[in-house]
Amino acid sequence: MIEAVARLGRATIDAVVQLGLAARFVIALLHHSGMTFRRLPLLIRDLYFAGVLSILIIVVSGAFVGLVLGLQGYDTLQRFGSETALGGVVALSLLRELGPVVAALLFASRAGSAMTAEIGLMKATEQLDAMDVMAVNPIARVIAPKFWAGVIAMPLLAAIFSAVGILGGWFIGVVVIGVDHGTFWSQMQNAVDFEEDVRNGVVKSLIFGVIVTWIAVFQGWSCTPTAEGVSRAITKTVVFGALAVLAADFVLTAFLFIGR
Amino acid sequence: MAQCVTERLVASLSGVDAGYGTRQILHGIDFTVHRGQVVAIMGGSGSGKTTLLRLMTGQLRPWSGAVEVLGVRLEQASEAQRYALRRRIGMLFQFGALFTDLDVFENVAFPLREHTRLPEPLIRDLVLLKLEAVGLRGAARLRTSELSGGMARRVALARAIALDPELILYDEPFAGLDPISLATIGTLIRRLNDALGAASVVVTHDVVESLALVDYVYFVSRGRIVAHGTPDEIRNASDPYVRQFVRGEIDGPAPFHYPAPPLAEALMEGQ
Amino acid sequence: MERKSWDVWVGLFVLLGMAALFFLAFEVSSAATSRIDGETIRVVAYFDNIGGLKVKAPVKSAGVLVGRVTAIRLDPKNYRAEVTMELSKRIPFPKDSSASILTAGLLGEQYVGIEAGADLENLQDGDRIVLTQSAVVLEKLIGQFLVNKAAE
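Residue numbers (our numbering), protein chains in the order written: chain A, 1 to 260; chain B, 1001 to 1271; chain C, 2001 to 2152.
For the record, the hints were derived by calculation from the structure and aren't laboratory data. Any given hint could turn out to be false.
[As the list claims (entries may be wrong)] Sample of chain A residues at the chain B side, in silico, Cβ under 7 Å: (1) 68; (2) 125; (3) 126; (4) 133; (5) 134; (6) 135; (7) 227; (8) 231.
[To be verified] Quick list of simulated restraints, FRET-style, between CB atoms: (9) A:75 / C:2065: 30 to 36 Å; (10) B:1071 / A:24: 29 to 35 Å; (11) B:1142 / A:167: 42 to 48 Å; (12) C:2039 / A:23: 46 to 52 Å; (13) C:2011 / A:79: 44 to 50 Å.
Cβ coordinates follow ideal geometry from the N, Cα and C atoms, glycine included.
Modelling step: build the complete structure from the supplied sequences, incorporating the hints.
Have a look at this one:
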């Protein structure tokens, strides 16, 4: 019994310490972000790895999610005789929730894990130490460009996801099932508000981008510098990234959509 | 070799205690390197040799005592001062620590690109010269994954001397090398040190190779310097630990057995 | 060589992302079509009951968007709902125009409908629309229907 309480206490202290380290890390990161924007090739390289290499998985997943939304949405709506609302249902689901959230989950497992792996490997093979000894700050040279690349790539990827998904829903609704094209589109435009839905969705994905990338670079930076440590850090990035995105989604939804 | 000792002091540690967190690694270290010297720090694994190097690069602050490298007092230096100092130091890491996303040429060019604004043709010439010095000019466009262990070590050495450092640090430069690569690295350490007029510190547990190469040896055991002297003095040292280490005997002050209760007791427990 | 191709790919990626954002802003949502362009005038109208009318609800005349509801509050003096709305300056309405709260479809969202009057003078900024008709509240309608039935 006492042992269990002690273990809970230790776990809590560990978690607080980790949070403190992560906070200090992000402050150092922001402090050393100048080089990222002074030397764009660094940022572009990481945008390639975080953004360009994620496009395929984002487009394919977005298309499938949109197709499924089209089918399920139609099936549910036609029970109430309101299948004309399909466009609005598909667009709102994607813009407000599925686009930002699913894109962030995919981003965590595709780009986030790759970032953790790259940083962890550089640490395990002393490349970060070597850089530091060569008087090049590894946070400024390696970590900060990755962080900013993630923050920039995430909203763009989420927007691509939503756009492709909406086209997928349109394909099922209009082309396959035969909902009227004009009805589908105008109903969607009526239902979707630019500020409340589109802009808030982008805000969400931006925040998810910060969270996921922060977790990814911190896990890589603080991993145990062994093969085992790196693989454990990659797992943590995906698990913590997913949990943090879902939790943050709840909080953000409460503030952005319901809070008013 | 002996006349070098009288020359300018490059690095000195006096009465240094250091460690990580609450764990003390080094106790009361006194250590000096002079210009032109190649100094070896020897000792078993986990004796604190690498920690000594980290003190000299300013990656680790001493708990107490003074660390002075190239005229900079590291125990009180600011981050900017430490970074400025590091530009004058070259370091070779255990397995080279080459950047895996850059090829050989770009690895050697890295310090030049980061710290100088030299025009591209000049960088090219400098890199090729450094690579020539380690005999790998022909490998300039190879990827780091295509290099053997010994070649990687030599490329890393070329990178370490890219900015003509005044102090070169080597962390286990001989570990895991075949005899030919080992001899090559040993020769390079000596030759580059003399050519650059620098000072070198070699952390190693390779006795034969380093005693043939260096001017002075420090022996570290459990965080303390237990002996120091020229290679000849070390070969004839009376300290039992040094004798065990130099001759490679299994048992001695460094015991073969991990501390444990007597075997008979342990066997009886099972009954 | 490698760096060049990164530049190109990243450029394409950013373009694609921007295109998606534009698509969402101007095709999916009605950021372009639902905005009231140009200058507006601000008018108020009092209703006995606004039903489910919300801020930002459209103001339409003959089914065409002419403005937006910008504020709703309860007048503490006469306990009527004061609805402030912005109307496009390009379509001037006569002073005796009337406002009513209507519903799009049977259960759709509510909006303000404006019917043009015949006055020679037009509504100015800060004017009040006097003639109003409140929202039809379904419960009241049903209640009335039941009372009428019972009376028969």
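To see whether the hints hold, each was checked on the structure:
1. Contact between residue 68 of chain A and chain B, as hinted, is not supported at the beta carbon level, the nearest pair being about 38 Å apart and thus beyond 7 Å.
2. The interface hint given for residue 125 of chain A is met, as the beta carbon of that residue sits about 6 Å from the closest beta carbon of chain B, less than 7 Å.
3. This hint holds: residue 126 of chain A has a C-beta 4 Å from the nearest C-beta of chain B, less than the 7 Å allowed.
4. Checking residue 133 of chain A against chain B by beta carbon gives a least distance of about 5 Å; that is within 7 Å, so the hint holds.
5. Because the beta carbon of residue 134 of chain A sits about 5 Å from the nearest beta carbon in chain B, less than 7 Å, this interface hint is met.
6. Contact between residue 135 of chain A and chain B, as hinted, is supported at the beta carbon level, the nearest pair being about 4 Å apart and thus within 7 Å.
7. Violation of the interface hint for residue 227 of chain A is found here, the shortest Cβ-Cβ separation to chain B being roughly 13 Å, above the 7 Å cut-off.
8. Proximity of residue 231 of chain A to chain B is violated relative to the hint, the smallest CB-CB distance being about 17 Å (cut-off 7 Å).
9. For residue 75 of chain A and residue 2065 of chain C, the Cβ-Cβ distance of about 33 Å falls inside the hinted range of 30 to 36 Å, so the restraint holds.
10. Residue 1071 of chain B and residue 24 of chain A have their C-beta atoms about 32 Å apart, which keeps the hinted 29 to 35 Å range intact.
11. With their beta carbons about 46 Å apart, residue 1142 of chain B and residue 167 of chain A fall inside the hinted range of 42 to 48 Å.
12. For residue 2039 of chain C and residue 23 of chain A, the hinted distance range of 46 to 52 Å is satisfied, since their beta carbons lie about 49 Å from each other.
13. Taken as a hint, the range 44 to 50 Å holds for the pair residue 2011 of chain C and residue 79 of chain A, whose Cβ atoms sit roughly 47 Å apart.
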